[in-house]
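Undergrad: Residue numbers (the working numbering), protein chains in the order written: chain A, 1 to 343; chain B, 344 to 854.
It is worth saying that the hints were derived from the structure and are not from the lab.
Some clues are possibly wrong.
Part of the chain B face toward chain A, derived, beta carbon under 7 Å [what the hints assert, rightly or not]: (1) Gly668; (2) Glu669; (3) Val671; (4) Asp694; (5) Leu708; (6) Gln711; (7) Trp716; (8) Pro746.
Now the in silico label distances, taken between C-beta atoms and shown as ranges [stated by the list, open to error]: (9) A/Arg10 / B/Met717: 22 to 28 Å; (10) B/Ala741 / A/Gly293: 56 to 62 Å; (11) B/Lys526 / A/Ile128: 42 to 48 Å; (12) B/Arg566 / A/Pro316: 35 to 41 Å; (13) A/Val309 / B/Ala741: 51 to 57 Å; (14) A/Gly44 / B/Gly715: 58 to 64 Å; (15) B/Glu793 / A/Ala19: 36 to 42 Å.
Since the structure is predicted, the reported quantities are computational estimates derived from the model, not experimental observations.
Note that the Cβ used here is the ideal one computed from N, Cα and C, for glycine as well.
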Amino acid sequence: MNWFTRRLRRLAPQLAALAIILGVISLVAPGFLTVSVQNGRLYGSLIDILVRAAPVALLTVGMTLVIATRGIDLSIGAVIAICGAVAATLISDGYPLPVVIAVSLGVGIACGLWNGVLVAVLDIQPIIATLILMVAGRGIAQLITEGVILTFNDDTFSALGSGALAGIPIPIYLWVGTALAIGLLIRRTALGFLIEATGINRRAASLAGVRARFLLFSAYAISGLCAAIAGMIVTADIRGADANNAGLWLELDAILAVVVGGTSLNGGRFSITASLIGALIIQSINTGILVSGFPPEFNLIIKAGIIIVVLTLQSPAIATVFGFIKATRRGDKLNHGAKEATR
Amino acid sequence: MKTLSGQHALLEARGIGKSFFGIPALDEVDFTLQGGEIHALLGENGAGKSTLIKILTGVYRRDRGTIYLEGNEISPDDVASAQALGIGTVYQEVNLLENLTVAENLFLGRQPRRFGMIDRRTIRDRSKTLLERYGLDIDVDALLSSFSVAIRQIIAIARAVDLSGKVLVLDEPTASLDAHEVKGLFTVLRQLREDGVGIVIITHFLDQVYEIADRVTVLRNGRLVGSRTISELPRLDLISMMLGRELQHITRDHQAEPETIDDRGAPSIQFQNYGKKGSVAPFDLDIRPGEVVGIAGLLGSGRSETAFLLFGIDRADSGTATIDGEQVAITSPEAAIANRFGFCPEERKTDGIVGDLSVADNIALALQAQRGWMRPISSSHKRELADSFIKSLDIRPADRERPIKFLSGGNQQKAILARWLVTEPRLLILDEPTRGIDIGAHAEILKMIEKLCSQGMSLVVISSELEELTAVAHRVIVLSDRRHVAELSGRHLTTDGIIRAIAGTGETEAA
Numbered sequence: 001m002n003w004f005t006r007r008l009r010r011l012a013p014q015l016a017a018l019a020i021i022l023g024v025i026s027l028v029a030p031g032f033l034t035v036s037v038q039n040g041r042l043y044g045s046l047i048d049i050l051v052r053a054a055p056v057a058l059l060t061v062g063m064t065l066v067i068a069t070r071g072i073d074l075s076i077g078a079v080i081a082i083c084g085a086v087a088a089t090l091i092s093d094g095y096p097l098p099v100v101i102a103v104s105l106g107v108g109i110a111c112g113l114w115n116g117v118l119v120a121v122l123d124i125q126p127i128i129a130t131l132i133l134m135v136a137g138r139g140i141a142q143l144i145t146e147g148v149i150l151t152f153n154d155d156t157f158s159a160l161g162s163g164a165l166a167g168i169p170i171p172i173y174l175w176v177g178t179a180l181a182i183g184l185l186i187r188r189t190a191l192g193f194l195i196e197a198t199g200i201n202r203r204a205a206s207l208a209g210v211r212a213r214f215l216l217f218s219a220y221a222i223s224g225l226c227a228a229i230a231g232m233i234v235t236a237d238i239r240g241a242d243a244n245n246a247g248l249w250l251e252l253d254a255i256l257a258v259v260v261g262g263t264s265l266n267g268g269r270f271s272i273t274a275s276l277i278g279a280l281i282i283q284s285i286n287t288g289i290l291v292s293g294f295p296p297e298f299n300l301i302i303k304a305g306i307i308i309v310v311l312t313l314q315s316p317a318i319a320t321v322f323g324f325i326k327a328t329r330r331g332d333k334l335n336h337g338a339k340e341a342t343r
Numbered sequence: 344m345k346t347l348s349g350q351h352a353l354l355e356a357r358g359i360g361k362s363f364f365g366i367p368a369l370d371e372v373d374f375t376l377q378g379g380e381i382h383a384l385l386g387e388n389g390a391g392k393s394t395l396i397k398i399l400t401g402v403y404r405r406d407r408g409t410i411y412l413e414g415n416e417i418s419p420d421d422v423a424s425a426q427a428l429g430i431g432t433v434y435q436e437v438n439l440l441e442n443l444t445v446a447e448n449l450f451l452g453r454q455p456r457r458f459g460m461i462d463r464r465t466i467r468d469r470s471k472t473l474l475e476r477y478g479l480d481i482d483v484d485a486l487l488s489s490f491s492v493a494i495r496q497i498i499a500i501a502r503a504v505d506l507s508g509k510v511l512v513l514d515e516p517t518a519s520l521d522a523h524e525v526k527g528l529f530t531v532l533r534q535l536r537e538d539g540v541g542i543v544i545i546t547h548f549l550d551q552v553y554e555i556a557d558r559v560t561v562l563r564n565g566r567l568v569g570s571r572t573i574s575e576l577p578r579l580d581l582i583s584m585m586l587g588r589e590l591q592h593i594t595r596d597h598q599a600e601p602e603t604i605d606d607r608g609a610p611s612i613q614f615q616n617y618g619k620k621g622s623v624a625p626f627d628l629d630i631r632p633g634e635v636v637g638i639a640g641l642l643g644s645g646r647s648e649t650a651f652l653l654f655g656i657d658r659a660d661s662g663t664a665t666i667d668g669e670q671v672a673i674t675s676p677e678a679a680i681a682n683r684f685g686f687c688p689e690e691r692k693t694d695g696i697v698g699d700l701s702v703a704d705n706i707a708l709a710l711q712a713q714r715g716w717m718r719p720i721s722s723s724h725k726r727e728l729a730d731s732f733i734k735s736l737d738i739r740p741a742d743r744e745r746p747i748k749f750l751s752g753g754n755q756q757k758a759i760l761a762r763w764l765v766t767e768p769r770l771l772i773l774d775e776p777t778r779g780i781d782i783g784a785h786a787e788i789l790k791m792i793e794k795l796c797s798q799g800m801s802l803v804v805i806s807s808e809l810e811e812l813t814a815v816a817h818r819v820i821v822l823s824d825r826r827h828v829a830e831l832s833g834r835h836l837t838t839d840g841i842i843r844a845i846a847g848t849g850e851t852e853a854a
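Could you put together the complete structure from these sequences and hints?
TA: Right, here's the structure in full:
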């Protein structure tokens with residue numbers, strides 16, 4: 001089996017789910033798949049999905065790595081608020097754009113390292129460790145904005161959220177570019193391999209000389225970095241920092257995206273691409289429900305229903321049933337294989 | 344023994360067999376327990392003690408064999424049905440609920456009721472009378488967590504006997520008790536013996552076996568070695584039942600030319616006065632290039648602890664380590680690996696394999712960790728490494744992409760061995776390298792050990808298989824009670840020499 005077919009087989013369930021969801025929406029809402037060019041910029045529901053997906057997609061990249069280490073990062077929604085507040089404050093104080101971006105990214109990484117200390121050094125369970133910053137983070141953001149929704153007027157910075165380059169909205173560049181860069185970092189170095197080993201069996205990995213602590217730190221730091229980029233996009237988009245609502249519950253969408261993408265919460269083998277398709281599935285459902293004219297009250301329930309279907313199809317119980325049917329069909333062959341394996 | 348002839352034994356198991364994933368854990372094992380008997384079940388790790396106990400108490404289902412209780416065939420499907428038949432178990436980790444009171448624990452799941460409500464007064468009164476039988480006068484309304492492990496254990500025994508009453512199984516009951524508490528426990532056990540309860544006790548403290556047991560049954564590698572009355576069984580014979588074959592075991596050929604090994608140059612790796620409080624008493628160990636040092640001892644004697652110290656998993660609190668004359672600090676596995684050490688742990692599943700990763704990834708793991716994350720092993724190099732070791736170690740199935748958890752124990756062990764061989768270690772520590780492995784792989788691994796040392800690698804081999812140690816090791820360190828008590832080499836290096844050293848009766852040079 002070559003590399004490409006293996007990849008395709010891994011991503012097939014997610015791609016199929018995305019295609020089915022887009023297909024159903026286009027039946028309910030004609031014109032959903034149309035993409036047009038106005039004033040040199042691409043418009044249409046599909047483009048809208050790609051733009052709106054930016055924050056969740058970014059969070060999903062970091063979350064995938066954290067979950068691969070057998071952890072979870074609940075704090076990233078709050079980190080969005082913190083970094084948004086930092087960016088808005090610096091912009092309205094008149095700092096140049098590079099400084100604003102560098103400081104915001106730095107704050108995001110610092111938040112991630114804080115989680116890393118709690119998880120890797122103090123050995124606190126990740127769900128509790130990151131809950132601390134999830135709760136405290138919005139308080140910190142409110143202190144930075146001094147309790148108000150801090151608005152600003154800076155066209156260069158707000159271009160991060162609403163601008164376009166060569167017809168394509170800038171948020172799309174940002175999340176696709178970040179995902180590519182981190183994906184390359186993870187898979188072209190040994191980081192991904194070592195993270196998977198640590199997530200599957202931390203003790204065995206440590207005994208083989210893997211520096212598990214360093215890997216946990218990197219995963220949480222990358223998660224913080226991704227949240228910082230998402231925070232700047234959200235802030236630039238609304239030209240203001242809302243400490244209470246920026247990125248609210250987005251960490252949960254990111255976890256969902258990772259799970260829909262087929263990465264186990266027990267850590268181990270992960271696929272950033274599959275998680276990103278998961279994020280697009282979630283955003284397509286969001287946008288689809290809006291454009292198909294359902295009463296908005298139904299949104300959350302429809303979304304939950306679709307996700308239950310996707311997850312049911314992936315559940316081990318279903319896999320066992322299918323595996324059993326397959327096994328009884330080619331019983332002889334399997335028995336033979338089992339004998340080989342025990343030799 | 345108290346039973347009259349012609350009467351049925353209390354519990355009798357015949358021809359018990361059990362396999363896990365095609366690997367036999369128990370094979371044709373017989374076990375007979377009389378009423379009013381304390382029967383010790385002995386054997387090393389992996390001998391099949393717990394499997395046998397779990398079959399008798401309904402945790403596992405047997406593949407073959409029959410079990411009789413007082414002459415009637417029984418087939419306990421689960422713990423509850425075994426309990427109902429009269430077989431109760433107290434595990435090492437006492438299986439009671441700490442956040443309930445003593446009385447609640449004693450009657451959990453069978454609370455006497457009055458008008459549909461739990462009758463607290465009856466529970467309290469019955470608990471008090473129950474515990475008085477065991478010489479315990481404690482506040483039964485106090486939370487269980489306020490009592491010591493020793494008292495909790497007696498409460499657990501009281502519950503088990505009250506619930507079941509015929510057979511009591513105790514798994515390592517004295518592991519976390521001090522001498523005084525052990526005495527108290529034994530008084531209780533003797534009382535129960537008087538009352539006609541049949542008691543099965545698993546322990547690795549031989550002194551206690553001689554103090555309390557009437558009879559021992561010894562298992563080894565899933566087979567029955569024998570069952571003897573303890574008063575007719577000298578300690579030396581018991582140890583040889585557990586570890587080796589008969590004492591007249593013939594010395595291996597290569598032991599005939601012994602002294603040559605001592606001439607092999609200066610020691611390359613030296614541990615001096617190396618030890619850790621509560622783990623292993625300070626010891627000296629010199630390992631020369633191309634030498635295989637064996638470590639022998641009973642379960643709990645400090646064998647694995649010695650390996651943990653050598654590999655930096657536990658930090659030594661005394662002594663120094665020197666390599667080629669230079670002092671090194673081995674404070675972590677990373678530091679040990681940086682000094683080109685390797686370690687195949689005893690617990691392959693939890694400490695060795697990374698189950699979901701492929702064979703190729705598992706083989707590459709230690710080398711990748713050594714190179715650091717920034718210098719990845721290319722996938723083509725990974726494939727080459729995997730393929731060459733799959734071929735040279737004959738790992739089956741020969742599929743480098745298969746997740747390692749789907750391989751048999753022997754093939755997993757070979758893959759872990761390959762993981763270290765790719766790092767070209769100077770010292771490889773093997774903790775029970777042949778445990779749970781089929782015969783074919785067993786021989787191959789021993790052959791591999793001999794080949795490696797002929798290439799100049801040093802090995803430390805820990806094993807409870809004495810024939811294995813005498814076959815491959817140039818020297819054997821003997822441990823007893825977390826202390827290095829003897830070092831055997833040359834013509835002294837025989838299975839009976841090791842057994843004598845463990846029993847503390849042989850002519851041995853002290854380490």
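Undergrad: Under the constraints set out in the numbered hints, which ones does this structure not fulfil?
TA: Numbers 1, 2, 3, 8, 13, 14 and 15, in rising order.
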